[in-house]
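Engineer: All chains should be built: construct the whole structure from the sequences, respecting the hints.
2 protein chains.
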Amino acid sequence: MEDKAKIQEAIKVQGEVVRKLKSEKANKEQIDEEVAKLLELKARLGGDDGKHQFVLKTAKGTRDYNPKQMAIREKVFNTIINCFKRHGAETIDTPVFELKVPFARYLAMNKITNIKRYHIAKVYRRDNPAMTRGRYREFYQCDFDIAGQYDAMIPDAECLRIVHEILSELDLGDFRIKVNDRRILDGMFAVCGVPDDKFRTICSTVDKLDKMPWEDVKKEMVNEKGLSEEAAEQIGEYVSMQGGKTLAERLLQDHKISQSKQACAGLSDIKLLFSYLELFHITDKVVFDLSLARGLDYYTGVIYEALLTQAGVAQISTEAQNGATSEENVSVGSVAGGGRYDGLVGMFDPKGRKVPCVGVSIGIERIFSIMEQKAESSAEKVRTTEVQVMVASAQKNLLEERLKLVTELWNAGIKAEVMYKKNPKLLSQLQHCEESGIPLVAILGEQELKDGVVKLRVVATREEADIARDHLIGEIRRRTSEA
Amino acid sequence: MEDKAKIQEAIKVQGEVVRKLKSEKANKEQIDEEVAKLLELKARLGGDDGKHQFVLKTAKGTRDYNPKQMAIREKVFNTIINCFKRHGAETIDTPVFELKVPFARYLAMNKITNIKRYHIAKVYRRDNPAMTRGRYREFYQCDFDIAGQYDAMIPDAECLRIVHEILSELDLGDFRIKVNDRRILDGMFAVCGVPDDKFRTICSTVDKLDKMPWEDVKKEMVNEKGLSEEAAEQIGEYVSMQGGKTLAERLLQDHKISQSKQACAGLSDIKLLFSYLELFHITDKVVFDLSLARGLDYYTGVIYEALLTQAGVAQISTEAQNGATSEENVSVGSVAGGGRYDGLVGMFDPKGRKVPCVGVSIGIERIFSIMEQKAESSAEKVRTTEVQVMVASAQKNLLEERLKLVTELWNAGIKAEVMYKKNPKLLSQLQHCEESGIPLVAILGEQELKDGVVKLRVVATREEADIARDHLIGEIRRRTSEA
Chain Y
1 MEDKAKIQEA IKVQGEVVRK LKSEKANKEQ IDEEVAKLLE LKARLGGDDG KHQFVLKTAK
61 GTRDYNPKQM AIREKVFNTI INCFKRHGAE TIDTPVFELK VPFARYLAMN KITNIKRYHI
121 AKVYRRDNPA MTRGRYREFY QCDFDIAGQY DAMIPDAECL RIVHEILSEL DLGDFRIKVN
181 DRRILDGMFA VCGVPDDKFR TICSTVDKLD KMPWEDVKKE MVNEKGLSEE AAEQIGEYVS
241 MQGGKTLAER LLQDHKISQS KQACAGLSDI KLLFSYLELF HITDKVVFDL SLARGLDYYT
301 GVIYEALLTQ AGVAQISTEA QNGATSEENV SVGSVAGGGR YDGLVGMFDP KGRKVPCVGV
361 SIGIERIFSI MEQKAESSAE KVRTTEVQVM VASAQKNLLE ERLKLVTELW NAGIKAEVMY
421 KKNPKLLSQL QHCEESGIPL VAILGEQELK DGVVKLRVVA TREEADIARD HLIGEIRRRT
481 SEA
Chain D
1 MEDKAKIQEA IKVQGEVVRK LKSEKANKEQ IDEEVAKLLE LKARLGGDDG KHQFVLKTAK
61 GTRDYNPKQM AIREKVFNTI INCFKRHGAE TIDTPVFELK VPFARYLAMN KITNIKRYHI
121 AKVYRRDNPA MTRGRYREFY QCDFDIAGQY DAMIPDAECL RIVHEILSEL DLGDFRIKVN
181 DRRILDGMFA VCGVPDDKFR TICSTVDKLD KMPWEDVKKE MVNEKGLSEE AAEQIGEYVS
241 MQGGKTLAER LLQDHKISQS KQACAGLSDI KLLFSYLELF HITDKVVFDL SLARGLDYYT
301 GVIYEALLTQ AGVAQISTEA QNGATSEENV SVGSVAGGGR YDGLVGMFDP KGRKVPCVGV
361 SIGIERIFSI MEQKAESSAE KVRTTEVQVM VASAQKNLLE ERLKLVTELW NAGIKAEVMY
421 KKNPKLLSQL QHCEESGIPL VAILGEQELK DGVVKLRVVA TREEADIARD HLIGEIRRRT
481 SEA
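In order, the protein sequence lines correspond to chains Y and D.
UniProt numbering numbers the first residue of the first sequence as 1 and each following residue consecutively.
UniProt numbering numbers the first residue of the second sequence as 1 and each following residue consecutively.
Treat the hints as calculated values from the structure; they're not laboratory data.
Fair warning: there could be bad hints in the mix.
One copy or two, it doesn't matter: identical chains are merged, so the pair holds either way.
What the hints assert, rightly or not - For lysine-lysine, the following BS3-like pairs were computed, each having C-alpha atoms within a straight-line distance of at most 27 angstroms: (1) LYS354 - LYS450; (2) LYS415 - LYS85; (3) LYS75 - LYS421; (4) LYS6 - LYS450; (5) LYS425 - LYS351; (6) LYS75 - LYS85; (7) LYS245 - LYS6; (8) LYS122 - LYS68.
Structural biologist: Structure below.
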């Protein structure tokens with residue numbers, strides 16, 4: 001018997017200890033240990049203390065993911081990681097406590113001059129979360145990069161092929177991959193008469209073209225950024241151009257833009273890139289678009305961005321701007337983006353040795369949101385486990401037999417479950433299968449045990465067949481590999 | 001042409017901007033954006049600025065994981081997650097900004113009364129890391145729990161089966177799983193004459209028995225904790241007992257310990273538990289050990305801990321105490337631990353509704369360290385990619401043909417690579433295969449193209465065979481599924 005007053009006193013003291021440790025920012029283990037003691041004291045009171053100090057919500061800007069959301073995430077991860085692996089990528093992990101260029105730092109620090117790697121990790125933002133806009137404090141980033149001195153445009157083309165594979169496999173709806181080149185943009189600005197020191201600001205105005213009509217963009221250039229009407233008009237002509245290899249070839253002959261050496265280098269590379277994209281069979285979705293101007297300054301060559309073009313997606317993805325990528329100016333519908341950055345690694349190297357890089361960020365949080373929306377509007381149920389078979393019985397006192405059989409199945413690598421009850425009702429066992437989408441039930445009864453068989457029931461059709469115990473594992477494998 | 005002095009001035013100004021934002025703790029995106037601008041300015045200087053402000057090391061208490069380490073981690077994750085899935089577990093994710101009882105909070109908050117789930121996540125410690133002891137600021141936790149009102153000991157037995165499966169599959173060497181029950185410990189202390197208010201402190205002394213000889217433990221009990229010599233002696237007798245079902249049966253007849261109702265309840269459950277463990281075929285590794293006393297106060301019933309018993313492991317795992325589990329007192333060699341905690345969820349529920357739980361934490365960081373050590377001392381190379389075939393050529397001007405073939409392979413889901421060079425040397429292509437363990441090379445030459453075949457070379461044996469192009473995918477699948 002315990003004295004309640006004594007425990008209540010102890011809770012008070014222990015509460016003080018916890019508060020003190022927290023105010024002193026003591027180490028987490030110590031606080032947790034003391035909190036555990038506090039919880040245990042409260043447990044002894046049996047909930048009689050009347051009030052609960054532990055608020056039932058997650059911290060600001062954070063949320064839980066339930067099994068259904070996690071199952072969707074896992075499917076997305078698997079599709080993406082399988083694609084990276086199909087292309088021979090390794091993976092590395094760098095600490096979360098770091099600026100956004102850990103890959104460049106990693107290469108320079110380890111003197112790595114070539115690698116093809118992906119990195120998928122949860123990252124954190126410190127600023128105010130905006131959950132209504134889907135900006136959470138915790139979110140995933142997913143990057144793929146190829147570093148190394150190689151022949152032009154081959155790794156760049158593979159990055160685009162990877163984006164194409166991932167978006168096709170995830171079946172998110174139709175998409176386009178816009179391609180441009182930093183050098184083409186810069187060259188175009190130069191020949192249109194944009195002063196050097198206005199390249200960046202004009203570039204960021206051009207970048208608004210996917211959200212604003214040309215007239216507004218032009219107004220911003222002229223009225224706010226002080227560009228001449230004429231220069232703006234010329235830019236307007238170029239940034240309305242979209243095409244493929246032929247457009248690149250045409251522009252190489254353009255009397256104006258061909259005056260820029262930079263632009264010509266970019267255009268030649270775009271031309272070469274498209275010849276590789278043809279061999280990779282992905283030109284159906286890739287478009288050379290002179291209005292594409294990604295925000296990050298470290299890009300030195302090809303840049304690209306993938307957008308979902310399906311109706312309805314814009315709405316979903318606006319709500320889902322959960323810091324989708326490490327890029328700043330991800331536009332509505334954007335699900336991937338990247339480009340070539342040949343200068344970044346050299347900045348970290350003490351001797352300035354350059355390691356050319358090209359990479360892509362997949363907007364994985366946005367993809368999660370779209371997949372969740374799709375799952376919700378679909379009639380198909382999302383399974384949260386992969387159980388192939390439930391070991392059940394219709395009669396009493398067969399727990400031991402059920403445990404024996406489920407052990408045989410586990411030993412064979414079959415995903416199997418048994419209810420944690422001595423004498424569960426057959427109906428409740430079958431209901432559990434229907435609810436969690438388990439396709440098969442292995443039913444044991446005294447007759448089956450006597451005959452050395454198991455009754456295998458297909459949940460969807462309610463068909464049943466007696467299977468010799470020796471053949472059960474093979475039969476389960478056969479039936480579940482078909483699905 | 002750019003004016004270097006002008007850029008250097010701009011770098012200075014931009015550096016000030018970054019420093020100011022950092023000192024104001026501005027939001028991360030903003031800082032990152034300004035840092036990117038700074039980096040770009042430096043890039044324009046072409047490394048001429050002479051000094052590099054970016055220090056090439058990771059933050060204190062953190063480290064990178066290279067592809068080899070990540071490959072080992074992935075193998076461990078896969079083994080563990082496959083086991084959890086084989087047992088029908090779902091997965092959830094809870095925010096990292098939370099005390100160590102997120103699962104209890106999650107259940108109470110969502111009014112979930114039964115679930116079988118795992119959760120693998122990176123967590124962070126705020127206190128001073130001790131990297132020499134393997135205590136890093138970032139580390140993984142891996143938990144599996146079964147929540148719900150079920151018949152006694154069935155889920156508990158499954159947790160032990162899961163630990164047995166994981167440790168067997170990971171092939172870490174021989175292991176033991178010690179089992180005890182909180183109620184047996186408490187009952188034993190009571191019948192030995194330990195005062196109520198000394199249960200916890202005596203319990204933590206008992207817990208040191210795996211690191212200290214009995215004589216020292218006894219001394220601590222008597223001299224430091226003020227226990228009577230007689231009580232200590234009686235405890236000493238009990239805690240030296242190890243066995244299985246028979247020991248539980250014998251103690252149920254023990255004139256002393258059977259006086260405690262609590263102890264009897266615990267002993268009956270241990271007896272029942274062992275009968276299920278027999279059906280699960282895992283009694284070879286499980287031992288009922290009255291000296292096992294896990295530190296956390298929230299345990300209410302069965303407790304257990306898995307230890308590696310192999311020589312040499314102790315040394316490895318001492319170095320590898322990277323905050324391995326959420327448990328405090330993980331002893332040397334311990335790789336998993338857990339128990340039943342029936343009171344915790346109720347503390348979070350406004351109405352105090354209880355949800356019985358039993359769970360296990362896998363010491364995944366420790367397992368990583370052991371696997372890394374094993375890999376280092378083994379002659380076998382750890383592959384960091386899964387590439388099945390390299391598409392190569394011996395002659396010049398076949399880049400297009402290589403890209404066409406690799407596209408065919410990717411379309412068929414084959415993991416394939418091609419070198420990013422127009423005219424790579426055959427030797428360097430073969431060397432790359434040897435270095436990264438790629439088992440097959442598909443070699444294209446003009447003769448092969450003419451004949452409609454591909455020369456398939458086995459890297460290990462150097463055997464070569466001409467395969468009709470139509471049969472290539474099937475042949476690659478056949479050869480790599482054998483491996």
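Engineer: Next, verify each hint and record whether it holds.
Structural biologist: Here is what the structure says about each hint:
| no. | hint | verdict |
| --- | --- | --- |
| 1 | LYS354 - LYS450 | neither (75 angstroms within a copy, 41 angstroms between copies) |
| 2 | LYS415 - LYS85 | both (26 angstroms within a copy, 7 angstroms between copies) |
| 3 | LYS75 - LYS421 | neither (32 angstroms within a copy, 34 angstroms between copies) |
| 4 | LYS6 - LYS450 | neither (60 angstroms within a copy, 92 angstroms between copies) |
| 5 | LYS425 - LYS351 | neither (73 angstroms within a copy, 30 angstroms between copies) |
| 6 | LYS75 - LYS85 | both (15 angstroms within a copy, 14 angstroms between copies) |
| 7 | LYS245 - LYS6 | neither (83 angstroms within a copy, 38 angstroms between copies) |
| 8 | LYS122 - LYS68 | both (19 angstroms within a copy, 21 angstroms between copies) |
Checked against the numbered hints given earlier, the structure breaks hints 1, 3, 4, 5 and 7 and satisfies all the rest.
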